[in-house]
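So the protein sequences, as listed, match chains U and P. Going by numbering that gives the first Met the number 0, the residue at position 112 of the first sequence is 111; the numbering climbs one at a time, nothing skipped. Going by numbering that gives the first Met the number 0, the residue at position 111 of the second sequence is 110; the numbering climbs one at a time, nothing skipped.
It should be emphasised that the hints constitute simulated quantities derived from the structure, not laboratory data. Please note that the accuracy of each hint is not assured.
Treat identical chains as interchangeable: a pair holds within one or across any two.
To be verified - The calculated lysine to aspartate or glutamate pairs, modelled on DMTMM-like cross-linking and capped at a C-alpha distance of 25 angstroms, are:
hint, residue 1, residue 2
1, K65, D35
2, K65, E13
3, K65, D36
4, K65, D102
5, K65, E113
6, K65, E37
7, K65, E101
8, K65, D107
9, K65, D115
10, K65, E103
11, K65, E51
12, K65, D49
Protein chains: 2
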Amino acid sequence: MSVGEWWFPSHLTEMTREECLELVASLRVGRVAYADDEGPVVLPVNHVLDGESVLFRVSPNSEFAKHLGDGQPASFQVDDFEDFNMSGWSVLIRGTTQLVAEDEPHADANPWAEGDRTLNVRIVPTSVSGRRLLPA
Amino acid sequence: MSVGEWWFPSHLTEMTREECLELVASLRVGRVAYADDEGPVVLPVNHVLDGESVLFRVSPNSEFAKHLGDGQPASFQVDDFEDFNMSGWSVLIRGTTQLVAEDEPHADANPWAEGDRTLNVRIVPTSVSGRRLLPA
Numbered sequence: 000m001s002v003g004e005w006w007f008p009s010h011l012t013e014m015t016r017e018e019c020l021e022l023v024a025s026l027r028v029g030r031v032a033y034a035d036d037e038g039p040v041v042l043p044v045n046h047v048l049d050g051e052s053v054l055f056r057v058s059p060n061s062e063f064a065k066h067l068g069d070g071q072p073a074s075f076q077v078d079d080f081e082d083f084n085m086s087g088w089s090v091l092i093r094g095t096t097q098l099v100a101e102d103e104p105h106a107d108a109n110p111w112a113e114g115d116r117t118l119n120v121r122i123v124p125t126s127v128s129g130r131r132l133l134p135a
Numbered sequence: 000m001s002v003g004e005w006w007f008p009s010h011l012t013e014m015t016r017e018e019c020l021e022l023v024a025s026l027r028v029g030r031v032a033y034a035d036d037e038g039p040v041v042l043p044v045n046h047v048l049d050g051e052s053v054l055f056r057v058s059p060n061s062e063f064a065k066h067l068g069d070g071q072p073a074s075f076q077v078d079d080f081e082d083f084n085m086s087g088w089s090v091l092i093r094g095t096t097q098l099v100a101e102d103e104p105h106a107d108a109n110p111w112a113e114g115d116r117t118l119n120v121r122i123v124p125t126s127v128s129g130r131r132l133l134p135a
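Full structure from sequences and hints, please.
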């Protein structure tokens with residue numbers, strides 16, 4: 000039995016950039032993706048939105064830190080889905096990463112997790128996109 | 000005021016492989032990361048766990064499909080966090096992707112979203128890791 004035989008799929012609609020950024024700002028946890036030699040990695044972070052860029056903090060000694068901050072490409076993703084009616088939304092910010100200098104005024108993301116997360120990283124967007132999944 | 004001055008951070012503990020896979024199996028939505036020429040991309044999918052590999056369906060005409068299925072590296076990620084006590088967990092499966100042949104018996108992930116998602120993709124894990132964030 001194929002999927003289409005027993006159930007109506009949910010509809011996809013594109014969100015505006017403004018809507019995407021509002022949703023990013025509304026959440027306290029998102030996900031950062033970067034690539035190392037073996038491929039893409041996705042890890043959760045506590046973030047803040049600063050204008051149109053996303054700020055988060057990592058440990059300077061982490062694997063994470065080795066692959067961020069020097070113009071490397073990275074993505075930031077947030078989403079929220081509901082099982083009961085198969086609906087939700089997701090936002091993807093693609094961009095490049097920069098380290099935030101300590102003396103540079105910046106919004107501060109407070110990491111929930113323990114550890115020496117002193118390195119402030121900014122993802123500067125090259126694209127912002129998002130979609131809603133609406134119940135059938 | 001720095002973060003450490005006003006709040007106790009949550010503790011991080013590693014999860015076992017079994018615990019990670021149980022959590023992956025318990026959810027109906029996860030995220031797949033792949034890399035294109037511009038860097039990493041993260042997109043939500045409906046998935047199923049089949050043994051230790053993750054199965055999901057994509058449209059054969061999608062950007063997604065171009066970067067999956069031929070041994071390319073990809074990651075699968077799930078997480079769940081609670082704002083009120085700054086706790087949660089996340090799991091990351093790193094691996095390589097294979098297309099699932101139509102005549103090969105396989106678990107079937109039912110995509111919630113509309114569209115011709117006929118391409119069945121498997122991520123075969125090279126590593127499975129996860130962490131819990133426990134309230135302070």
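Against the structure, the hints come out as follows:
no.: 1; hint: K65 x D35; result: both (9 angstroms within a copy, 20 angstroms between copies)
no.: 2; hint: K65 x E13; result: between (34 angstroms within a copy, 21 angstroms between copies)
no.: 3; hint: K65 x D36; result: both (12 angstroms within a copy, 20 angstroms between copies)
no.: 4; hint: K65 x D102; result: within (22 angstroms within a copy, 43 angstroms between copies)
no.: 5; hint: K65 x E113; result: within (19 angstroms within a copy, 39 angstroms between copies)
no.: 6; hint: K65 x E37; result: both (14 angstroms within a copy, 18 angstroms between copies)
no.: 7; hint: K65 x E101; result: within (18 angstroms within a copy, 41 angstroms between copies)
no.: 8; hint: K65 x D107; result: within (21 angstroms within a copy, 37 angstroms between copies)
no.: 9; hint: K65 x D115; result: within (15 angstroms within a copy, 39 angstroms between copies)
no.: 10; hint: K65 x E103; result: within (21 angstroms within a copy, 41 angstroms between copies)
no.: 11; hint: K65 x E51; result: within (24 angstroms within a copy, 29 angstroms between copies)
no.: 12; hint: K65 x D49; result: within (23 angstroms within a copy, 33 angstroms between copies)
Violation of the numbered hints given earlier is absent; every hint is satisfied by the structure.
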